[in-house]
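K.L.:
So the chains spell out like this:
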Amino acid sequence: MFYLRNPQVREALAGRHVSIVGCGSFGSALADMLVRAGVGKLTLIDPEVLSVENLGRHVLTSRDLGKAKVHALAERLREVSPDLEVEARQEKFCDAGGLLICCADSRRCESMVNAVSLQRQVSAVYVGAYGAVRAGEVQFCVPGQTACRECFASFRESGDVSPGAERYTDPDFDETRTPGQLGLWGSILAVTGFAFHGILALLGVRGRLDLDRPLWIVNLDYEGFNPYAVTFCKVRRGCPVCDETKIAELQIGDWGD
Amino acid sequence: MLTEARWQKEQELMQGVFPAFKPFSRGTRFGFEGYLKGPRSGRIYGVSLEGDQAAYPQSPPRVCMCPRVGLHWIGDGESRRLCMQREWRPARSTFANTVLALIRYLDEHDPEAADASLGQPHGENPLAGDEFETVLNTGFNFWATVSSCRCRGPY
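These protein sequences, in sequence, are chains A and B. Residues in the first sequence are numbered consecutively from -9, following our numbering. Residues in the second sequence are numbered consecutively from 53, following our numbering.
Just so you know, these hints were derived from the structure itself, not from any lab. Be aware that a few hints might be false.
As a list, the in silico DSS-like pairs of lysine-lysine whose alpha-carbon atoms are at most 30 Å apart [to be verified]: (1) A:K31 to A:K57; (2) B:K61 to B:K74; (3) A:K236 to B:K89; (4) B:K74 to A:K224.
Partner residues are not named here, just some residues of chain B that face chain A (Cβ under 10 Å, in silico) [as the list claims (entries may be wrong)]: (5) G68; (6) K74; (7) T80; (8) F82; (9) G86; (10) P112.
Chain A regions said to be covered by chain B (calculated; three or more residues, Cβ under 8 Å) [said to hold, decoys possible]: (11) 99 to 113; (12) 223 to 235.
As the structure is a computational prediction, the values presented were derived from the model and not from experiment. Positions of the beta carbon are idealized from the N, C-alpha and C atoms, including for glycine.
Let's have the full structure, built from the sequences with the hints guiding it.
P.N.:
So, in structure tokens, the structure goes:
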């Protein structure tokens, strides 16, 4: 077995349960990395099927076209590790056990994962890239110790990570979808790689996670300075979703804001 | 998942800005009902903002309006609701600013007075004629009104 070269890590991860919500580019890559590291139990959640436009940014291949992403991915992961216990759920997220990893490109799904994380007091990790993939974003949320997802995401202006011009010039631009670009898969693997090592630290397998700076922004602007530079950010903790004392701060707001 | 503290705050905000909207709670459903007046047509719109206790504030309240204007309606039957292309932020968004968003929507889509009498793509004005006068004279009873609404769907 390939775990012969890392038996300690395998032993530490074999009993761990990780749920991956969203099995697209980031989710599939992360699942692959976790299984190769030795995670023993995975739950995969995603309602979609694999389509042609996914192939340039996914670990699955053309033989899986038309199949549910979760079932095809589960099959592939079992081929990587026959010992793996994997549950494939072709559905929208409503609940799951273990460490929650959200790679969905839906704010509402992120909010649901955040709610379950807070309710069950389990950690959650959010992995993604925004706009024209000029920045990757990884946020580690440990209930009671860090800011929750809403502490950050609800106060981040839409698209302020990488506004880009495409949203104004491309009639088909959808900011919730990662657009095509040269080297996209490399960018996805880079962000996923950073997230993967953070997750190992979160699971206590290797390294330490600085919970004072739980937000990692990965620079993916190759034409600018310091591509792949990671900025470790603080996030102010406490919002009306994770802290009842903050509910008093809710305001009318602006038009529809 | 809705907490008592959040519900109290939502009611406080609505009471402060839209006191005519009344809170309701039916099983797992809760929210506010009231009416808005079209800025151009002068037409009265019955409005219902309905959340689910298990999903709020993670999911926005469902916005139903009678009569419906515009073409931004999604879902069928019981789930038919207004889609305002508005980003929902659980830690910031509330029922009160959902009403603000609806007012802005009406500002864009409320027809001119002459057009309003011609009926709408999704149904005629249910409050036209005698019925309209009755509603105004007897005070607005939202559920009495929507129960007679001809543009069936959310109600």
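K.L.:
Could you run down the list of hints and mark each one as holding or not?
P.N.:
For each hint, the structure was consulted:
{"no.": "1", "hint": "A:K31 to A:K57", "in the structure": "holds (22 Å)"}
{"no.": "2", "hint": "B:K61 to B:K74", "in the structure": "holds (14 Å)"}
{"no.": "3", "hint": "A:K236 to B:K89", "in the structure": "violated (34 Å)"}
{"no.": "4", "hint": "B:K74 to A:K224", "in the structure": "violated (41 Å)"}
{"no.": "5", "hint": "G68", "in the structure": "holds (8 Å)"}
{"no.": "6", "hint": "K74", "in the structure": "violated (18 Å)"}
{"no.": "7", "hint": "T80", "in the structure": "violated (14 Å)"}
{"no.": "8", "hint": "F82", "in the structure": "violated (16 Å)"}
{"no.": "9", "hint": "G86", "in the structure": "violated (16 Å)"}
{"no.": "10", "hint": "P112", "in the structure": "holds (8 Å)"}
{"no.": "11", "hint": "99 to 113", "in the structure": "holds (count 5)"}
{"no.": "12", "hint": "223 to 235", "in the structure": "holds (count 4)"}
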